[in-house]
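All chains should be built: construct the whole structure from the sequences, respecting the hints.
There are 2 protein chains.
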Amino acid sequence: MIKKFIICIDLGGTNLKVALLDLNYRIKDREILSTRSFMEKDDLILGIVHSVTRFIKYNNLSKAQILGVGLGLPGPTDAQRGIVHFFPNIPGWKEVALRDILKNKLGLKVCLDNDAKLMALAEHKLGAAKGYRNVLCMTLGTGIGGGVILNNKLYRGFNNAAGEIGHLPINEKAGAPCNCGSFGCLEAYVGNKRIIQEAKRVFKRAVTLEELSRLALKHNRLAIDIWRKTGKHLGFALAGVVNLLNLDVIVIGGGVAGAGNVLFESIKQSLIRQAMGVQAKHVRLFKAKLGNEAGLIGAAIMVKEGL
Amino acid sequence: MIKKFIICIDLGGTNLKVALLDLNYRIKDREILSTRSFMEKDDLILGIVHSVTRFIKYNNLSKAQILGVGLGLPGPTDAQRGIVHFFPNIPGWKEVALRDILKNKLGLKVCLDNDAKLMALAEHKLGAAKGYRNVLCMTLGTGIGGGVILNNKLYRGFNNAAGEIGHLPINEKAGAPCNCGSFGCLEAYVGNKRIIQEAKRVFKRAVTLEELSRLALKHNRLAIDIWRKTGKHLGFALAGVVNLLNLDVIVIGGGVAGAGNVLFESIKQSLIRQAMGVQAKHVRLFKAKLGNEAGLIGAAIMVKEGL
Numbered sequence: 038m039i040k041k042f043i044i045c046i047d048l049g050g051t052n053l054k055v056a057l058l059d060l061n062y063r064i065k066d067r068e069i070l071s072t073r074s075f076m077e078k079d080d081l082i083l084g085i086v087h088s089v090t091r092f093i094k095y096n097n098l099s100k101a102q103i104l105g106v107g108l109g110l111p112g113p114t115d116a117q118r119g120i121v122h123f124f125p126n127i128p129g130w131k132e133v134a135l136r137d138i139l140k141n142k143l144g145l146k147v148c149l150d151n152d153a154k155l156m157a158l159a160e161h162k163l164g165a166a167k168g169y170r171n172v173l174c175m176t177l178g179t180g181i182g183g184g185v186i187l188n189n190k191l192y193r194g195f196n197n198a199a200g201e202i203g204h205l206p207i208n209e210k211a212g213a214p215c216n217c218g219s220f221g222c223l224e225a226y227v228g229n230k231r232i233i234q235e236a237k238r239v240f241k242r243a244v245t246l247e248e249l250s251r252l253a254l255k256h257n258r259l260a261i262d263i264w265r266k267t268g269k270h271l272g273f274a275l276a277g278v279v280n281l282l283n284l285d286v287i288v289i290g291g292g293v294a295g296a297g298n299v300l301f302e303s304i305k306q307s308l309i310r311q312a313m314g315v316q317a318k319h320v321r322l323f324k325a326k327l328g329n330e331a332g333l334i335g336a337a338i339m340v341k342e343g344l
Numbered sequence: 038m039i040k041k042f043i044i045c046i047d048l049g050g051t052n053l054k055v056a057l058l059d060l061n062y063r064i065k066d067r068e069i070l071s072t073r074s075f076m077e078k079d080d081l082i083l084g085i086v087h088s089v090t091r092f093i094k095y096n097n098l099s100k101a102q103i104l105g106v107g108l109g110l111p112g113p114t115d116a117q118r119g120i121v122h123f124f125p126n127i128p129g130w131k132e133v134a135l136r137d138i139l140k141n142k143l144g145l146k147v148c149l150d151n152d153a154k155l156m157a158l159a160e161h162k163l164g165a166a167k168g169y170r171n172v173l174c175m176t177l178g179t180g181i182g183g184g185v186i187l188n189n190k191l192y193r194g195f196n197n198a199a200g201e202i203g204h205l206p207i208n209e210k211a212g213a214p215c216n217c218g219s220f221g222c223l224e225a226y227v228g229n230k231r232i233i234q235e236a237k238r239v240f241k242r243a244v245t246l247e248e249l250s251r252l253a254l255k256h257n258r259l260a261i262d263i264w265r266k267t268g269k270h271l272g273f274a275l276a277g278v279v280n281l282l283n284l285d286v287i288v289i290g291g292g293v294a295g296a297g298n299v300l301f302e303s304i305k306q307s308l309i310r311q312a313m314g315v316q317a318k319h320v321r322l323f324k325a326k327l328g329n330e331a332g333l334i335g336a337a338i339m340v341k342e343g344l
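Line by line, the protein sequences give chains A and B.
Its first residue numbered 38, the first sequence is counted upward by one per residue in the working numbering.
Its first residue numbered 38, the second sequence is counted upward by one per residue in the working numbering.
These are calculated hints, taken from the structure and not from any lab test.
There may be inaccurate statements among the hints.
Intra- or inter-copy, both count: the list cannot distinguish identical chains.
Straight-line Cα separation of at most 27 Å, DSSO-like style, residue types lysine-lysine; simulated pairs [said to hold, decoys possible]:
{"hint": "1", "residue 1": "Lys341", "residue 2": "Lys65"}
{"hint": "2", "residue 1": "Lys324", "residue 2": "Lys65"}
{"hint": "3", "residue 1": "Lys167", "residue 2": "Lys190"}
{"hint": "4", "residue 1": "Lys131", "residue 2": "Lys318"}
This is the structure we're talking about:
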């Protein structure tokens, strides 16, 4: 029997990651390209095609050895019909039938889905939420992504748009304006931009998220306070989700999660204070385990298991 | 073949309803007792036993014709093990193995679950949400109950405690205190007591919910404003649920839903303003169809379908 592989693509606003994985989801080869080096939609599609072709060639593989190509995408998609609705951070994409375009150009099976959903698949199968039945996975970055696993299956909702935990509103009165056009959403309080803004206000100079995490580790009160406030907002919103879904586990990943204990402890406190007894007692809060590879691994799971 | 029936009990803080249903969920006989006439837990259990026995006798049935007894209960339960955790509005119940107690006394199959979950089952199978896949059912009363149907199945969560939409927090800053011991929850803004309080403040006299609905129907501005505010809170909270679960339908029942159009229009407006485009466009808002019978019908569905 010939050995089979999966080629996965994790497209972000900054990087385009491509990787070759075996059927045990181990990464055998990878490359990282700059998303911005592709000026137009068609360039980006061609970039993906060339990258996949190179991977097959330089790893001495035949097309028959490729089980499929899986794509994790930074925006709302119709996974069933293989369509990209749009990308909030990459211009020029609107209702693109990306799956069929790539299938025709590559002659391979192609699957695609939203990256937060693939992260949830990966963390549930192989990461922090392995063995748990009802899970919310969230990534904290410029935007806040989410994926929900219920009864051990990825829950999609009608338009494959479930999981938008960033747009759970938490402040009816004088809610901060959010990127989604609405106001008072969680993302408006804990998105990267808001945290960096707050740090700039407090420190009176530009501070990156990484520096803010380092400062907190060194017991800087101002930095600790910013992370505590962030955790408080998160715990408040998550309490609602926990009351509604009686979850087993919440997994948090993404750049902001790098703040570590100070953030996680604050989320926990706020969540326990706000949620109902039974639900709060049961739920566990974990840091994501698969890091930057979650999207690639989730895409491979989607291809192999046909989810 | 002998004709089979199901006996269902809907226990509320005020009434204990008992009914005989056929396997098409039609109610053939019923009685309503006063919950408060039973002073103690054991009296109430005995009252249920006597009522079930009477129903069998006076309808000339044999025990072999009773498929089972289904109970809808006003508090958190462990449906799988048949245990009542407690009732917020009926004192004296704590971790009661009600299913086994009744099974032993009656010699019949007994199933029990939380009443909001049974309402969701009933509205999904036979009521307003018939034919829809992903549904939130909520009852607006003194407390706010909820049941979630996802992918056509009742979603329970780990402790059978999912669906607590009343305890979705909506105001981080200066949130109103809630019965659950926390603050800022939806229930603290739209529970019966709060609405009646607000009406008393505005009208400077006691006003019932029914009168408030009538006044709004007669275009009383003050009454209309109270319902509009109530709807605004509800829409804001529901937007979060719709963003998270990309639902097909929200069904609203219970006493407060009696306010009708003025309330529903306000919920819709607020929901559409707050929720994300794709999710808001898809979701429908319906008034519950089965009214006071939803609990009994849901209990019969549970017995027949073994949910």
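Task: Hints violated by the structure (listed by number, smallest first) - done: Structure breaks no hint.
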